[in-house]
Amino acid sequence: MNKSSKIPDQVETITIVKYKHPKTVTRPVDAYLGLLKNWDDQELSVIRRYKALLLDQEDKVIAKLSFPKEFQFLKKTIKSIMSDLFYVAKTNGASKIIIGQNSLKDKIIPSEEEQRLAIIIKNAGQEENIPVADQIIFTGSMYYSFKKNGL
Amino acid sequence: MSKTEQSRALSYLELFKITDQKYIIGVYEGGQTFYKQQIRALNIFDALKKTGKIPENKNFRIAIIGGGIAGLTFAAAALKSKVKVSLFEKGTRTLHIQAGCTIRDIHPNIYDWPSENCGEKDTSLPVLDWTFGKAADVVESITAEFKKIVTSAQKISPDCYVEHLNVQNLEVSDLETEKKLVIDGQITNHKKSANIGVIADLVIYAIGYGLEKGVSDHDFFTESYWRDTSIKQENLIKFNYLISGTGDGALIDLFTLLIRGFSYEKFLEIVNSNPKSTALMKSLVKIRNKRLSGNAKDNLYMTEFYDIPSAQYEYIIEALEEQDLFSKMGSSVNVYLFGHNKKFNDILNYKTISLLNAFITFILYRSAKFLYGPKLNKANPEYDGKPILQPYRIHIREGTDTASVIMSAKFNDDESKQLQRIKELQEKSVEHGIVNTNWNQDIFDRYFNEIKRPSHSLSRNTKAICSVFTNALGSALADFHLSKKDIRISIHRVLNMNGSFFYQMITPYFQSEAVPIELHKVGNIYQLERGNVGYSFRTGIPLWVKNNDNKVFRSMMDELGITKSYAGKRMPKTILTIPILAKFKKNGSTVKKSYSACNAVVYLDSTDIDFFDDKALQNLIIRLIQNFADSINYMVDKEDIKMGLLDFAPPQSKRINEIVNECVIELGDFSNLVPGEKSSHPIEFEQFYSLEM
Numbered sequence: 001m002n003k004s005s006k007i008p009d010q011v012e013t014i015t016i017v018k019y020k021h022p023k024t025v026t027r028p029v030d031a032y033l034g035l036l037k038n039w040d041d042q043e044l045s046v047i048r049r050y051k052a053l054l055l056d057q058e059d060k061v062i063a064k065l066s067f068p069k070e071f072q073f074l075k076k077t078i079k080s081i082m083s084d085l086f087y088v089a090k091t092n093g094a095s096k097i098i099i100g101q102n103s104l105k106d107k108i109i110p111s112e113e114e115q116r117l118a119i120i121i122k123n124a125g126q127e128e129n130i131p132v133a134d135q136i137i138f139t140g141s142m143y144y145s146f147k148k149n150g151l
Numbered sequence: 001m002s003k004t005e006q007s008r009a010l011s012y013l014e015l016f017k018i019t020d021q022k023y024i025i026g027v028y029e030g031g032q033t034f035y036k037q038q039i040r041a042l043n044i045f046d047a048l049k050k051t052g053k054i055p056e057n058k059n060f061r062i063a064i065i066g067g068g069i070a071g072l073t074f075a076a077a078a079l080k081s082k083v084k085v086s087l088f089e090k091g092t093r094t095l096h097i098q099a100g101c102t103i104r105d106i107h108p109n110i111y112d113w114p115s116e117n118c119g120e121k122d123t124s125l126p127v128l129d130w131t132f133g134k135a136a137d138v139v140e141s142i143t144a145e146f147k148k149i150v151t152s153a154q155k156i157s158p159d160c161y162v163e164h165l166n167v168q169n170l171e172v173s174d175l176e177t178e179k180k181l182v183i184d185g186q187i188t189n190h191k192k193s194a195n196i197g198v199i200a201d202l203v204i205y206a207i208g209y210g211l212e213k214g215v216s217d218h219d220f221f222t223e224s225y226w227r228d229t230s231i232k233q234e235n236l237i238k239f240n241y242l243i244s245g246t247g248d249g250a251l252i253d254l255f256t257l258l259i260r261g262f263s264y265e266k267f268l269e270i271v272n273s274n275p276k277s278t279a280l281m282k283s284l285v286k287i288r289n290k291r292l293s294g295n296a297k298d299n300l301y302m303t304e305f306y307d308i309p310s311a312q313y314e315y316i317i318e319a320l321e322e323q324d325l326f327s328k329m330g331s332s333v334n335v336y337l338f339g340h341n342k343k344f345n346d347i348l349n350y351k352t353i354s355l356l357n358a359f360i361t362f363i364l365y366r367s368a369k370f371l372y373g374p375k376l377n378k379a380n381p382e383y384d385g386k387p388i389l390q391p392y393r394i395h396i397r398e399g400t401d402t403a404s405v406i407m408s409a410k411f412n413d414d415e416s417k418q419l420q421r422i423k424e425l426q427e428k429s430v431e432h433g434i435v436n437t438n439w440n441q442d443i444f445d446r447y448f449n450e451i452k453r454p455s456h457s458l459s460r461n462t463k464a465i466c467s468v469f470t471n472a473l474g475s476a477l478a479d480f481h482l483s484k485k486d487i488r489i490s491i492h493r494v495l496n497m498n499g500s501f502f503y504q505m506i507t508p509y510f511q512s513e514a515v516p517i518e519l520h521k522v523g524n525i526y527q528l529e530r531g532n533v534g535y536s537f538r539t540g541i542p543l544w545v546k547n548n549d550n551k552v553f554r555s556m557m558d559e560l561g562i563t564k565s566y567a568g569k570r571m572p573k574t575i576l577t578i579p580i581l582a583k584f585k586k587n588g589s590t591v592k593k594s595y596s597a598c599n600a601v602v603y604l605d606s607t608d609i610d611f612f613d614d615k616a617l618q619n620l621i622i623r624l625i626q627n628f629a630d631s632i633n634y635m636v637d638k639e640d641i642k643m644g645l646l647d648f649a650p651p652q653s654k655r656i657n658e659i660v661n662e663c664v665i666e667l668g669d670f671s672n673l674v675p676g677e678k679s680s681h682p683i684e685f686e687q688f689y690s691l692e693m
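Protein sequences, first through last, are from chains A and B. Numbering (my numbering) for the first sequence: 1 to 151. Numbering (my numbering) for the second sequence: 1 to 693.
It is worth saying that the hints were derived from the structure and are not from the lab. Note that the structure is predicted; figures quoted are calculated from it, not measured. Among the hints, erroneous ones may be present.
As the list claims (entries may be wrong) - So, partial list: chain A residues that the calculated Cβ filter (under 8 Å) puts toward chain B:
{"#": "1", "residue": "29"}
{"#": "2", "residue": "33"}
{"#": "3", "residue": "45"}
{"#": "4", "residue": "47"}
{"#": "5", "residue": "48"}
{"#": "6", "residue": "68"}
{"#": "7", "residue": "108"}
As the list claims (entries may be wrong) - Just the calculated beta-carbon pair ranges, DEER-fashion:
{"#": "8", "chain 1": "B", "residue 1": "380", "chain 2": "A", "residue 2": "112", "range": "54 to 62 Å"}
{"#": "9", "chain 1": "B", "residue 1": "57", "chain 2": "A", "residue 2": "79", "range": "38 to 46 Å"}
{"#": "10", "chain 1": "A", "residue 1": "112", "chain 2": "B", "residue 2": "144", "range": "50 to 58 Å"}
{"#": "11", "chain 1": "A", "residue 1": "150", "chain 2": "B", "residue 2": "134", "range": "41 to 49 Å"}
{"#": "12", "chain 1": "B", "residue 1": "333", "chain 2": "A", "residue 2": "112", "range": "35 to 43 Å"}
Built from N, CA and C at the ideal position, the CB exists for glycine as well.
Just chain A, with the same shape it has in the complex:
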């Protein structure tokens, strides 16, 4: 990742992996599998993490971002997290992003609070002109796509 004096402090803690042979995301399941890939098996049901896929105009995944485990997408932190996320997305030439989070239990259907948060995230993307194409909640074997559920 390129650093400059303008980078907010938190951005430095987001790790980024760029893909030489980007794959196209056509279905929510593609996004889910992209997010799940290389996720630490041991951590999957123990630590909640957020990751994001950066997509180009042709829906190809150009990079994957991993947030440190301390990052929690809560109402009070969401603004600054999203601002960092969009910053990194823009500097890497992304047109869209997909956000994913693992669920520690079998419950992948979002609570009302999670649904409200998802709307905030989607709206933030529209404001920043980087659409949030989908948000995925998942475990090692299943996923919930906000897009498929009408968001």
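The hints should help you fit chain B onto chain A, whose structure is shown.
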């Protein structure tokens, strides 16, 4: 596993295979009983394991569509083998069709009549076994055991079982790049619905046969077989009863209407109560054999029934009359059966109807207790060209709605073609997938732990021996399992380490569910002086101790050097060690029987002090170990496994009764295994097998 076994498993799977990753249970098979669905599920699971379609991969996940008895049994077998499962059920609970049903009994073997086992009320299944009873009770007992299996599996892998209830609109699609499948479905809870996706490696469509045609459409005349309480009337028949359908479901309703308090058991009691039954049974067995040949004409039953001299069965009708078991009809009311065929003689197709139901129908027909007519006109019922007058009740039993079951699974064109092929194969099949109920050990949870042992700890040949042992153990475990008692069993080998001899545990404890697995002990090495196993190694003599007296037992444990290892842990009350001897070769000399020494020891224990007292069990254990030794000898002979030879001089050892009080030592039937004793038959390997580290 032999190639024959594998190819047999592959050809079995053809009856159910849609694609390499999709299989279907139910829908097309004849023999639609609760128990038979379980047998199919277990057989399919077993065949998938044997053919490697379910590989040894801890992340392998099976999606099971349908939480009926087939789906649940398959799930239980998979979870027992530590294969992950995601289960989808459209209802609010599993087994929802039979749950809460107190009007129908479920019997595992009754439809096998006149086979000898037809009265057997227990299923003797390795998972989810149950005993004859009301459907509601059977369901509760199965559900309770399933929960236990899930809880136990989740202790090892929390995500091994995920259950999705209230699921609709399931769609399965391939993820070609990943060789996986994605199952999309809609879950509705409290009027809210959500779409979810599940990834799996294999899909089992356990979608069953569906409900009776018309039930889901809320047809006025139709109530599910499992819910229709009106048929179980105890009062006099006051209406004309019109049953449409000639399958097993329709016939059971016919019997329930015509015979007061009808049950198969009561009927068979009457059949068997007369000496004439011997001749009748002979005639019926002949019919059954013709049926099993699968080459007969569809109307085999009736043709053959009419050939039976009436003197052979008239006593049944007389007994029903005498015992006042025929329902009392109101004046001018009748029970009518309506089917597709013009003649009654053609309705009982032997390919779809059990011999028992056909025979009872025949008896009732001969008693003139009902009338048969072709095709029921529901709006204006007629019999023999004349209208049937009110009041009447219509019961539609025209089979289940398999078409809508298939529709709901949303198969693509290629899959639909394959389903047609399955249908044809099933129609030709006489067995309908009910074959070989001798499942191997795969469905027992120990199997997984055996093959998942760290690969570095044992050589390929030793693994082969373990595998043979677990195979031999499979059937025996089923019997132990049935005894519902606590048992552990393992095998130990002798090791030469730089000229010193030790013994090593080479399998984990295969054990009943109540005891936690002690995997870590696999590979542990002990001195020959130690423990009951060490004793059998040193002497070549079986040792059976019982903890009749705690003090004496402890003193023996002290002598054997194993008191500490049981401190604070599960304390067995009886221990049995059985040596497997071998002719041993000393300094290149020719093999002589007198130079036999102990090569391996089988260890068994139980917290049930009487466990080994059962003579039948003693024989079973000896047979199991003998089979194991024979298999190893055979495999070495065929060069399936290779063993080195070892010079091994057994250390001198005192007899156990010189060590501790004799009262704790019992040899019972195992004394036959003591070498050198009169009429002894020690279990032996052909040669001494050295198993390199």
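Checked hints:
1. 29: 5 Å, holds
2. 33: 7 Å, holds
3. 45: Where the cut-off is 8 Å and the nearest Cβ of chain B is about 6 Å from residue 45/A, the hint holds.
4. 47: 14 Å, violated
5. 48: With a minimum Cβ separation of about 15 Å from chain B (threshold 8 Å), the hint on residue 48/A is violated.
6. 68: 24 Å, violated
7. 108: It holds, given that the least Cβ distance between residue 108/A and chain B is near 6 Å, below 8 Å.
8. 380/B with 112/A: 54 to 62 Å: 56 Å, holds
9. 57/B with 79/A: 38 to 46 Å: Since the Cβ atoms of residue 57/B and residue 79/A sit about 43 Å apart, the hinted range of 38 to 46 Å holds.
10. 112/A with 144/B: 50 to 58 Å: 35 Å, violated
11. 150/A with 134/B: 41 to 49 Å: 45 Å, holds
12. 333/B with 112/A: 35 to 43 Å: 60 Å, violated
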